[in-house]
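Given chain A, work out where chain B should sit, using these hints.
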Amino acid sequence: MLVEPSKTTGRADAEMLEIVQHLVLSSPPGEFDEVWYDAQILVPKLISPQILAGIARAYNHENLSVAKTADGLRVLLHKAAEISPTRYVDYTTRTTFRVDHVLRSAVTVKETLIPTMHDVMRHAIDDAARSYVMTTFDVDARPSAAVHVNIGRAELVIAMSGERANLSNFWSGNWRSEWTEQWQLLGDGEAIVSGTVKVRAHYFEDGNVQLQTTKAFHPACIFFETPRMLGTVIIEQVRTAESALQCGLERMYDNVSVKTAKAMRRVLPITHVKMNWNIHELSLNRSFSLSKNAQQER
Amino acid sequence: MAEMVSQGDDAAAAAAPPKRDPIEAALSIMRRMPPNKIAHNLNAICNLIPEHADELLQRVDQPLEEAKCKDTGRAYLLCDYNRDGDSHRSPWSNKYDPPIDDGFVPSEKLRRLEVEANTLFDCYRELYFEGGTSSVYLWELDGDDFAGCFLIKKKVSGHEFVTEGCWDSIHVVEVNLEDNGKAANYKLTTTVILTMDVQKESVGDTNLSGTLTRTAEKRSVIDAEHTHMHNMGTLIEDTETDIRVNMDALYIQKTREVVNNIRSPQTGPSQGAAFTASLNEAVKRHAR
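Heads up: the protein sequence lines correspond to chains A and B, in order.
Note that the UniProt record's numbering numbers the first sequence so that position 122 is 122, with each residue one more than the last.
Note that the UniProt record's numbering numbers the second sequence so that position 157 is 157, with each residue one more than the last.
No lab work stands behind these hints: they were computed from the structure.
Computed from a predicted structure; not experimentally measured.
All residues carry an ideal CB built from backbone N, CA and C; glycine is no exception.
Incorrect hints may appear among the rest.
For each label pair, taking beta carbons as the anchor points, the in silico distance ranges come out as [unchecked claim]:
id	chain 1	residue 1	chain 2	residue 2	range
1	A	Gly10	B	Asp179	55 to 65 Å
2	B	Gly85	A	Asn255	43 to 53 Å
3	B	Ala216	A	Thr93	51 to 61 Å
4	B	Ser107	A	Ala12	41 to 51 Å
5	B	Trp139	A	Asp206	43 to 53 Å
6	A	Asp13	B	Asn246	35 to 45 Å
7	B	His226	A	Asp13	56 to 66 Å
8	A	Asp71	B	Thr189	16 to 26 Å
9	B	Ala67	A	Leu268	27 to 37 Å
10	A	Ala244	B	Asp21	44 to 54 Å
DSS-like, lysine-lysine: derived pairs with alpha carbons at most 30 Å apart [as the list claims (entries may be wrong)]:
id	chain 1	residue 1	chain 2	residue 2
11	A	Lys262	B	Lys155
12	B	Lys109	B	Lys37
13	A	Lys274	B	Lys37
14	A	Lys259	B	Lys109
15	A	Lys198	B	Lys37
16	A	Lys198	B	Lys254
17	B	Lys37	A	Lys45
18	B	Lys200	A	Lys79
19	B	Lys182	A	Lys259
20	A	Lys274	B	Lys182
21	B	Lys187	A	Lys274
22	B	Lys109	A	Lys262
23	B	Lys254	A	Lys262
24	A	Lys262	B	Lys182
25	B	Lys109	A	Lys274
26	A	Lys68	B	Lys254
27	A	Lys274	B	Lys155
28	B	Lys200	A	Lys198
29	A	Lys274	B	Lys218
30	B	Lys154	A	Lys262
Next comes chain A alone, as it looks inside the complex:
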C-alpha cells in the first residue's frame, strides 16, 4: 500500500482502494487520466484528492513522467529529485518546483541554495545525458534527462525518459531508464555504472496489444581521467546498452512473427488447402495431413 486509508474507512474500503490504485498504476503511458476517469465511475467518492495525488506521484515516479510549467519548463519527476512529495529540484537550473502530480504541472518556486557536492562531475554527466536523449530520441517523444546527487552514498543517478501518446490514433508508449554511477571505495578515475531500462507500448484500435519490457544492466566498471571525460564515458556505456536492447527487441519482433506466431496458429493449414467441413469427407483433411507429415519425415 502506498497510502493509508483514513481510520474511518472499513476493511472493504481499504481493499477497494488497493484495487483502484493497482488499476490506475497499471495505466499505459499517457493514459493515467483515462483510467482514473473510468475508475471514478466504478467507485465514486472513494478516492480523496490526497490519495489520488499519492497514486499519481507513484505513477509519475514509475513512468518518469514530466511536469510542465506554464512557461514551458519541463521537470522530470524522478524520486531522487524529490525534496518533499510536492517539491522537486532541478540541479542544472538551480531551481525548485512545486509539482501537482495529478495535473503534471509545475510552478517555479524560487532560486534556492542547492548543495553543490560533486557538481563538476554531475554537470559533465548532465550535459552528456541531455545531448544523448536529444540525439537518440524522437523530438516528438519530448525526451528528458536529469542527473541527481544521492548525497551520502557517493552516487549519481541519471534518469531519462521519452514518451509519445497519440490516443486519438489509439497508440502510446514510453522508453525510460535509470542509471546509477557509484565511486565509493574505488580508486581515482574509476566508477561503477548499472541501470534499468523499461519500455512499454500500447496499440488499441479495436483491440489491446502491449509490449512490456524491463531489462536490468549489471554493474560495469568504467575508467576516466577528467570529469568531462566521465560524462562521455558513462553516456557511451548507456548508449551501447540501450541500443543493444533495442536491437534485441527488433530481433525478437522478427523471430516472433516468423516462428512463434506460426507455431501458435498457421495462416494456412499444413495441407495448404482450406478445411473441408463435410463430416463424410473428414478423411480427406486427415489423409492430406498424413501425407504432408509423411513428406516432412522423409
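Chain B in isolation, oriented as in the chain A frame:
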C-alpha cells in the same frame, strides 16, 4: 483541490462527477490494462462492482482453462457454456465433472450435432494449430435456433525468444433458422487472446500480449453441402485467419513501430550523434 479546479478544462471535467455506465467504464479500463493479466484485473474490477460481476464476466473473454475428461482421458476446455454450478461438462463423454445429477445437457438431436462439431473442429485444430486442445459446446435457443461455442487453446514454449506463449480462440456463434429451416443466419463473435513471455539476456524480461475481438455474420441456405457445420466452420475459419493475419502484421508490428517512434532504432555508436552535431554546426554556419 481549489488550485486544481482553477487550472482549466481538464480539471473542470474531472471535478464534475462523470455519468457513465459502470459496465462501459469497466470495459474501457480492461482495454487499457496489460493483456497478459486479464483474469487478475477482471477479478479485481468485479470486486469493485460485485453487482455487475456476472455481466462483466460474460462480456470479457479470459484465457481458457483446461481439464482432462475422466471417461476418455482427453483434454477439454472450460468456459461458462459448459459450466453448471462448480462442474464442467466434457464434450467427449457428455458427463459433468465433478458429477451432478441434473446438469444441463443438449437435446439428443443437438448432442448429435455437437459430437460432429467436436470431431470436425478437432480436425480443424490439427490442420491450423498442429497441437493444442479444442472443444465445442452447443445449446438450444428459442424454437429450433441454437448457439455454439468453439474453443481452441495452443501453448508453445522454448522458442528462441518466447519462453512461454499461449493462443486462446473463443468463437461464439448464434444460429437463427429462416425460411422454414431451409436457410439460417449465423452471427459470430470471435476473441483471440495471445500472450508471449520472453526471458532472454538481450531483451530482459519482456511480455508481448494482445486481445482482439471481431464479429462476422452470414446468411446461408441449408442443404446437403451447406450443412450447419459447413456454414459455421467456414465463417469461423475465415474470421480466425483474418485475426491471425492482423494480430501479427498489424497489431504486434504497431507496438514495434511505437517503440521505434520514441527511440531511433538505427542509432549506432556515437558517430550518429557526432554526425548530427556536425551537421547542425554546418547548418548554423551556413545560416550566418
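Taking only the CA atoms, is the gap from lysine 37(B) to lysine 45(A) under or equal to 30 Å?
holds (27 Å)
Just to be careful, I want the Cα atoms of lysine 109(B) and lysine 37(B) compared with a cutoff of 30 Å; is the pair within it?
violated (39 Å)
Does the structure keep lysine 274(A) and lysine 182(B) at a Cα separation of 30 Å or less?
Cα-Cα ~25 Å, so holds.
Falls inside 35 to 45 Å, the C-beta gap from aspartate 13(A) to asparagine 246(B)?
holds (42 Å)
Given hint lysine 37(B) paired with lysine 274(A) - CA-CA distance at most 30 Å:
Violated, because 34 Å separates the two Cα atoms, which is more than 30 Å.
Assess, step by step, whether the Cα of lysine 68(A) is no farther than 30 Å from the Cα of lysine 254(B), and give holds or violated.
holds (29 Å)
Glycine 10(A) paired with aspartate 179(B), Cβ distance criterion 55 to 65 Å
holds (60 Å)
Run the distance test for lysine 274(A) versus lysine 218(B): straight-line Cα separation, threshold 30 Å.
holds (19 Å)
Taking 43 to 53 Å as the stated bounds, is the beta-carbon spacing between tryptophan 139(B) and aspartate 206(A) within them?
violated (28 Å)
Between lysine 198(A) and lysine 37(B), does the CA-CA distance stay at or below 30 Å?
Holds, at roughly 18 Å.
Regarding the pair lysine 198(A) and lysine 254(B), is the alpha-carbon distance no greater than 30 Å?
holds (18 Å)
Cβ distance range 41 to 51 Å for serine 107(B) and alanine 12(A), holds or violated:
Since serine 107(B) and alanine 12(A) have Cβ atoms about 45 Å apart, the given range 41 to 51 Å holds.
Hints 5, 8, 12, 13, 14, 19, 22 and 24 from the list above are not met by this structure, while the remaining hints are.
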